[in-house]
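Input sequences plus hints: build the corresponding full structure.
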Amino acid sequence: MSFQDFLLSLIPPVTILILTWIVAYSLRTFLRRLLKRTVPLVATHVSRIVWMFVWLTGIILILQQLGLRIDLLLLLVALFGGALVLANKDILQNLASKYFSDVYVPFKIGDTIKVREYTGKVIEINPMSTILLTEKEELISIPNTNFLREIVVNTTPKAWKEVIVPIIIDSEIDLAEFEREVIKSCNKFKLHLDERFPPILTVKSRGERSIELTLTLIIKEYGKKDMIISEVNSNIVEIIEKMKKKKKSRPRIHFKA
Amino acid sequence: MIFISLKICVNTQTPLLKFNLNSNLEKTLKALPKPLDLTLLKENRDYNFSPGGVTRMVFPLLKELTYKGLLKDTHWVSLNPFGPTKVIVDGITLNHISLPSEKLKGYGITKEFIWKTFHGLTQDLGPITQIFWQDEFSDFTFYNRLSAERILKLDRKHDFDLFYIHDFQQLAVGHMLHTLKPKIFRWHIPFDESSVPEEWRDFLSLYFNSYDAIIVSCKKYIKTLHHLGYNGKAYYAYPYIDSSPYVKPTKQELNNFCEKLKIDKEDKVILVVARLDPMKGQDRVIRALREVIKDFPEVKLLLIGNGSFSSSKQGIGLSKAERWLNHLKNLAKELEIEDKVIFTGYVSQRELNAAYYRCDLTILPSIKEGFGLVVIEGWLFKKPAIVSVKAGIAELINEGENGLLFNPEDEEALAYKISYLLNNPKKARILGNKGYDTSKKCLIDEGVKVESDILLGFL
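Chains A and B supply the protein sequences, listed in that same order.
Quick note: the first sequence uses my numbering, first residue 1, plus one each step.
Quick note: the second sequence uses my numbering, first residue 1001, plus one each step.
No wet-lab data here; the hints were simulated from the structure.
Positions of the beta carbon are idealized from the N, C-alpha and C atoms, including for glycine.
There may be inaccurate statements among the hints.
Unchecked claim - Computed Cβ-Cβ distance ranges for the label pairs, DEER-style: (1) R196(A) with D1445(B): 42 to 48 Å; (2) T156(A) with K1181(B): 26 to 32 Å; (3) H1227(B) with W55(A): 55 to 61 Å; (4) V50(A) with K1157(B): 25 to 31 Å.
Structure (structure tokens):
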């Protein structure tokens, strides 16, 4: 094969690579806009999964273009994946339940809840189970799957008033400025919030690449809860996008600690 | 015997130093190596120590603990929009935070609102919860977050053992410091039950509970903390001063001071040392003075003090002090006693000593006061004190034994007590001497001991 032929053979894989990048980027942007009014955590995860899927497909196609046999590889990946799912069915169920309960189940650490005959204060929510501390100082571990199947009663006074919105932001985003914008945006619907309790942003964890936060709001009436959550989510996505754009258009400044 | 050296990070709003920035100093600062070594600048020309608690309490505490080997690599984060970002003074690294002017203004408005609320000056504030829903509140949060972020950044580099956060302006910092390391908060402003608005309880409780320990200025404030649902460790530690600058003035210094302020030998001098602020209640003393003058025409009221960091041009730029000064001057004029009231503004330490030495009694007329260290200053000169019951230091006074108490709303009672002391020099002397004994509870050695015990208790 001449050098020219070699170069020509590279055109299809390179084209697929570029197309994959374009599709992945466009889909992610599209999904973010589409999911603007959902919980930011869900939007982030969905767009991340789609992005990974597009890239996986792109890589398989590139390998195929390069003349490598991928049918065996696909079969092995599928078998391995299937075995993994079967072997860890309970763990995966709990992990999934934990993920969904993070977003949808109405309790948090510190709340007092009742599940079946068990009542206690939630002191830990780990990927597998939720730990309750009873009045007798006993620890009860409840597998997370139960929270999707069982009726959960949150007996914490005024728990219904508390709205906790999970947020993930890029660690490069200026947290102080982000918080300022979020608080200002919440002021716009203050009529529906408990005036005694300002919006509170709490850092839950901090990684090199991202910061996990929660925004706590105390609402006045239950009927407006969904609307408030939707509005807040939409505002947060907009703020994040705006700050990302601002960041890109500005040279990075570092100051020494 | 303690062999531990702590690495701590202190956070205050008020910076230790105020720089007298001009084109010359700016040029000098540019040429000097960074971080700036303060010994390369000249006090009074290039910088001044900020008046108030940071210079009188926080700095001496840190110096003392460093000297005793209990602290090393101490960092101090504070707001200083007009200074170099990093300065080293006596082995302590000062890290200055700057805020853009529009955010500084919003921050100032919010902190003023909170401050007024805790001092009971709520008449013109409107609904107490409105502050949370104004854009200025987001500037307040912004400043707190900026402080917390700077502290965390320093922590990644220096690995502190604990964080020591001072005063209400920084209250949210504890919640924002995402770390398990001990966080101690010191609350300086009034904190009796009546100071805390019912509507703020949940919000305050959340922030207070993000601290492992809270130190308040007097015993009765601990009760308020518990009523708010605070679950951590609560301590009280009286504020304290370093007594060494409070020395007897020389004859020359005294003469110069009296000459400058036209105080005659036979004059009876009533002294109020307080910053110019409505909460300090100087107006009460002016009104009481009109009654006192009837029996003591030779009396003179000396009002020493100017604005705070917040009201200074180098600080947050609020003009509260000027407005209050005008009000007091007009009041004295209205009462036709303007020749009896002397406003000195800022005075040097030597002049302050002369004032304490020359006066017949001191008054702390505050409507509300976290503590009231000026009473201790007067006691160091064995001067009798008449103290507002609304001040934290009132809990150290046994009526008629080491001082006199009065309700700042009752000017008649104040006038009576001033006249009583001027009429009874022997009793005044006894009160002054007993006050001197009491002052030992609020001197730096005792304060450092109490505070270092609390800090070291976290190891």
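Between T156(A) and K1181(B), does the beta-carbon spacing fit 26 to 32 Å? holds, 29 Å
Please check whether R196(A) and D1445(B) have a Cβ separation lying inside 42 to 48 Å. holds, 43 Å
Could you say whether the range 25 to 31 Å given as a hint is met by the Cβ separation of V50(A) and K1157(B)? violated, 39 Å
When you take the CB atoms of H1227(B) and W55(A), is the distance between them in 55 to 61 Å? holds, 57 Å
When each numbered hint is compared with the structure, a violation occurs for hint 4 only.
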